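Can you make the complete structure from the sequences, with help from the hints?
Number of protein chains: 2
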Amino acid sequence: MPIYPPATVGMPLSEVDTPCLILDLDAFERNLKRLHESLAGRNVMVRPHAKSHKCPQIALRQIALGAVGVCCQKVSEAEALVDGGVGDVLITNEIVGKPKLARLAALAKRARVAVCADHAGNVAALSAAAQQAGITLDVLVEINVGANRCGVEPGEPALTLAQKISASPHLRFAGLQAYQGTAQHLRTVAERRAAIEAAAACVSRTTALLDKAGIACGKVTGAGTGTYIFEASSSVYHEIQPGSYIFMDGDYARNDWTESGIPRFEHSLLVWTTVMSRTSTDRAIVDAGLKASSIDSGMPRVADAPGVEYIKASDEHGVLQLNGAAGYEVGDKLGLIPGHCDPTVNLYDQYVCIRKGRVEAIWPITARGALL
Amino acid sequence: MPIYPPATVGMPLSEVDTPCLILDLDAFERNLKRLHESLAGRNVMVRPHAKSHKCPQIALRQIALGAVGVCCQKVSEAEALVDGGVGDVLITNEIVGKPKLARLAALAKRARVAVCADHAGNVAALSAAAQQAGITLDVLVEINVGANRCGVEPGEPALTLAQKISASPHLRFAGLQAYQGTAQHLRTVAERRAAIEAAAACVSRTTALLDKAGIACGKVTGAGTGTYIFEASSSVYHEIQPGSYIFMDGDYARNDWTESGIPRFEHSLLVWTTVMSRTSTDRAIVDAGLKASSIDSGMPRVADAPGVEYIKASDEHGVLQLNGAAGYEVGDKLGLIPGHCDPTVNLYDQYVCIRKGRVEAIWPITARGALL
Numbered sequence: 000m001p002i003y004p005p006a007t008v009g010m011p012l013s014e015v016d017t018p019c020l021i022l023d024l025d026a027f028e029r030n031l032k033r034l035h036e037s038l039a040g041r042n043v044m045v046r047p048h049a050k051s052h053k054c055p056q057i058a059l060r061q062i063a064l065g066a067v068g069v070c071c072q073k074v075s076e077a078e079a080l081v082d083g084g085v086g087d088v089l090i091t092n093e094i095v096g097k098p099k100l101a102r103l104a105a106l107a108k109r110a111r112v113a114v115c116a117d118h119a120g121n122v123a124a125l126s127a128a129a130q131q132a133g134i135t136l137d138v139l140v141e142i143n144v145g146a147n148r149c150g151v152e153p154g155e156p157a158l159t160l161a162q163k164i165s166a167s168p169h170l171r172f173a174g175l176q177a178y179q180g181t182a183q184h185l186r187t188v189a190e191r192r193a194a195i196e197a198a199a200a201c202v203s204r205t206t207a208l209l210d211k212a213g214i215a216c217g218k219v220t221g222a223g224t225g226t227y228i229f230e231a232s233s234s235v236y237h238e239i240q241p242g243s244y245i246f247m248d249g250d251y252a253r254n255d256w257t258e259s260g261i262p263r264f265e266h267s268l269l270v271w272t273t274v275m276s277r278t279s280t281d282r283a284i285v286d287a288g289l290k291a292s293s294i295d296s297g298m299p300r301v302a303d304a305p306g307v308e309y310i311k312a313s314d315e316h317g318v319l320q321l322n323g324a325a326g327y328e329v330g331d332k333l334g335l336i337p338g339h340c341d342p343t344v345n346l347y348d349q350y351v352c353i354r355k356g357r358v359e360a361i362w363p364i365t366a367r368g369a370l371l
Numbered sequence: 000m001p002i003y004p005p006a007t008v009g010m011p012l013s014e015v016d017t018p019c020l021i022l023d024l025d026a027f028e029r030n031l032k033r034l035h036e037s038l039a040g041r042n043v044m045v046r047p048h049a050k051s052h053k054c055p056q057i058a059l060r061q062i063a064l065g066a067v068g069v070c071c072q073k074v075s076e077a078e079a080l081v082d083g084g085v086g087d088v089l090i091t092n093e094i095v096g097k098p099k100l101a102r103l104a105a106l107a108k109r110a111r112v113a114v115c116a117d118h119a120g121n122v123a124a125l126s127a128a129a130q131q132a133g134i135t136l137d138v139l140v141e142i143n144v145g146a147n148r149c150g151v152e153p154g155e156p157a158l159t160l161a162q163k164i165s166a167s168p169h170l171r172f173a174g175l176q177a178y179q180g181t182a183q184h185l186r187t188v189a190e191r192r193a194a195i196e197a198a199a200a201c202v203s204r205t206t207a208l209l210d211k212a213g214i215a216c217g218k219v220t221g222a223g224t225g226t227y228i229f230e231a232s233s234s235v236y237h238e239i240q241p242g243s244y245i246f247m248d249g250d251y252a253r254n255d256w257t258e259s260g261i262p263r264f265e266h267s268l269l270v271w272t273t274v275m276s277r278t279s280t281d282r283a284i285v286d287a288g289l290k291a292s293s294i295d296s297g298m299p300r301v302a303d304a305p306g307v308e309y310i311k312a313s314d315e316h317g318v319l320q321l322n323g324a325a326g327y328e329v330g331d332k333l334g335l336i337p338g339h340c341d342p343t344v345n346l347y348d349q350y351v352c353i354r355k356g357r358v359e360a361i362w363p364i365t366a367r368g369a370l371l
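Residue numbers (numbering that gives the first Met the number 0), protein chains in the order written: chain A, 0 to 371; chain B, 0 to 371.
No lab work stands behind these hints: they were computed from the structure.
No false leads were mixed into what you were given.
One copy or any two copies: either way a pair holds, since identical chains are not told apart in the list.
Cut-off 30 Å, straight-line C-alpha distance, at most; resulting in silico cross-link-like pairs (DSS-like, lysine-lysine):
1. K163 <-> K332
2. K311 <-> K97
3. K97 <-> K355
4. K332 <-> K97
5. K108 <-> K332
6. K218 <-> K108
7. K108 <-> K163
8. K32 <-> K355
9. K97 <-> K218
10. K211 <-> K163
This one's a predicted model, so the numbers in the text were calculated from it and none came from an experiment.
Okay, structure coming up:
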């Protein structure tokens with residue numbers, strides 16, 4: 000399911016059925032290039048986060064432009080990416096439980112795979128799984144650099160865990176995961192810059208301890224679309240992990256970017272929807288609701304229609320307040336900019352890729368629903 | 000995807016991998032029966048809404064207990080249900096656009112199918128599709144009974160549209176769809192009762208006009224889990240459409256039910272999750288975030304742990320504030336009551352059905368992602 004695809008290659012956009020996810024390939028490709036241009040002259044590796052797109056076709060394009068590999072959050076995402084031809088995946092997350100650890104170790108036999116840890120018992124379980132599979136597994140210590148989610152505290156707790164990893168014969172200590180997630184949507188540039196300066200200080204304190212203990216740190220990796228230029232400009236991060244830059248959702252668009260050094264990425268991802276009811280002068284109902292666009296970070300925005308507001312979502316309906324705008328008759332189609340691209344992408348089975356008003360390709364969202 | 004299922008039949012719940020959706024079969028079956036018991040002596044048909052479960056196995060159990068058929072919102076949902084053995088489906092929604100109308104008409108050749116309309120142009124398109132397929136299609140007029148979403152206004156506008164349907168040789172006017180969606184989550188019984196009394200008045204005004212014009216109305220259908228007893232007790236509704244009663248989500252649990260006549264349905268649906276990080280005394284991180292539980296109607300609640308709060312969701316993480324609760328060590332598994340069952344179910348490919356602590360069955364969520 001669904002048996003009927005929303006589009007076929009060559010079809011004009013006007014005929015593409017709704018709701019579906021459309022990708023403006025020109026804007027998408029400009030976003031891909033813009034990221035690398037913004038990093039010119041900076042000595043940093045790019046490892047985009049594939050949890051945003053869940054699609055090998057996109058990961059391979061990112062790698063072709065110079066990315067060293069991709070990140071993901073789940074073993075099943077990593078499996079989908081490796082099956083799709085990606086050779087290097089960092090799981091920026093803790094993986095818990097024997098079935099997942101066995102799959103992780105099996106995957107590390109056929110691709111370069113690394114994983115994070117923040118718990119001694121989990122390190123022991125990772126080591127047992129690696130031994131069972133007959134491999135040596137790369138493990139990074141995740142440190143809490145201000146997001147207060149996963150990660151051991153910087154400094155001594157991180158050193159202790161790194162020592163435990165280093166002492167495990169089937170594991171290799173591969174560096175620090177230092178992602179400041181809550182910094183990404185702080186609205187002002189000054190706030191985001193300050194949050195990353197604080198994160199970098201946490202990292203420095205930790206790497207100094209590792210140095211003193213004679214433990215080679217490998218790499219420091221982290222960063223997202225909201226802040227990556229600050230991590231890249233710090234002297235402590237070796238690798239950045241932006242994900243949403245390829246699509247640019249409504250929530251990121253509310254950030255201020257002025258003189259941040261981060262380019263204006265374009266909205267390349269839209270939910271394509273049809274007006275299905277129009278029984279009031281000021282209200283139009285579209286066929287894209289909660290099951291077509293995640294509202295966790297705010298309602299979707301109507302593309303190219305600043306006066307029109309998407310004010311309410313139910314399962315399969317969205318309510319547009321027209322505020323006097325003309326048009327929006329039953330059958331009209333329009334694009335919505337999702338509030339948050341990652342969970343929205345996870346609702347669909349494919350991207351309908353558009354160029355110059357026609358469907359150029361359909362890319363499967365291979366890791367849609369990859370929760371395990 | 001996912002290639003690896005979270006469970007196999009016979010497995011103890013403690014081994015079921017996470018995150019996944021678990022269905023407590025005993026509670027689910029009690030909910031199914033309780034609905035019918037609460038309607039004893041009332042002359043009303045039950046047509047549960049399948050947008051909540053998207054699963055033929057569940058629809059067939061509802062029909063076995065006396066439901067006349069099911070409702071759904073999309074043609075692709077209806078196709079999945081008919082393919083799964085359901086013989087009678089009402090699409091409680093407007094269907095717009097030639098490709099969908101052609102599929103709708105084709106489906107009506109192999110099952111009893113009806114659809115709603117609120118627009119004269121759409122009625123003409125429905126008629127053309129029915130003619131093309133060589134069928135007569137049942138069409139209900141949707142009227143706005145207070146939700147201000149789809150539906151023509153009660154009274155004259157409804158009569159005009161019913162006349163247009165009746166005058167279309169390939170359509171049959173099959174009644175009124177009169178669902179008061181915004182009434183479902185009004186918190187007090189008095190508010191919900193008053194909203195349905197107002198809706199019933201809208202219906203009566205419309206059926207009186209239809210009678211006067213000599214148009215047989217067929218049936219009046221509507222209602223949801225929050226109010227169905229009021230529609231069933233009115234003299235104007237012939238059929239009710241509750242959906243969430245089978246699962247009972249967190250949002251519905253916040254309603255007051257005292258002396259409403261609606262039984263206390265049990266939480267039969269849980270997101271099963273694992274503690275994946277525990278680096279602070281007051282915080283545990285679980286592996287179920289936005290892609291495992293929709294937060295549009297509030298955060299999930301931790302089952303059987305009133306002191307513990309799920310306070311924040313990111314893509315693949317949930318933050319539990321422990322408030323002094325013991326346990327919640329890395330690897331521990333627990334159940335979450337979703338805030339809103341419908342969009343949460345739509346994130347998964349299967350129900351892991353549990354009885355007495357073991358997996359009894361795995362039911363596919365066949366219409367997951369059925370947007371078209």
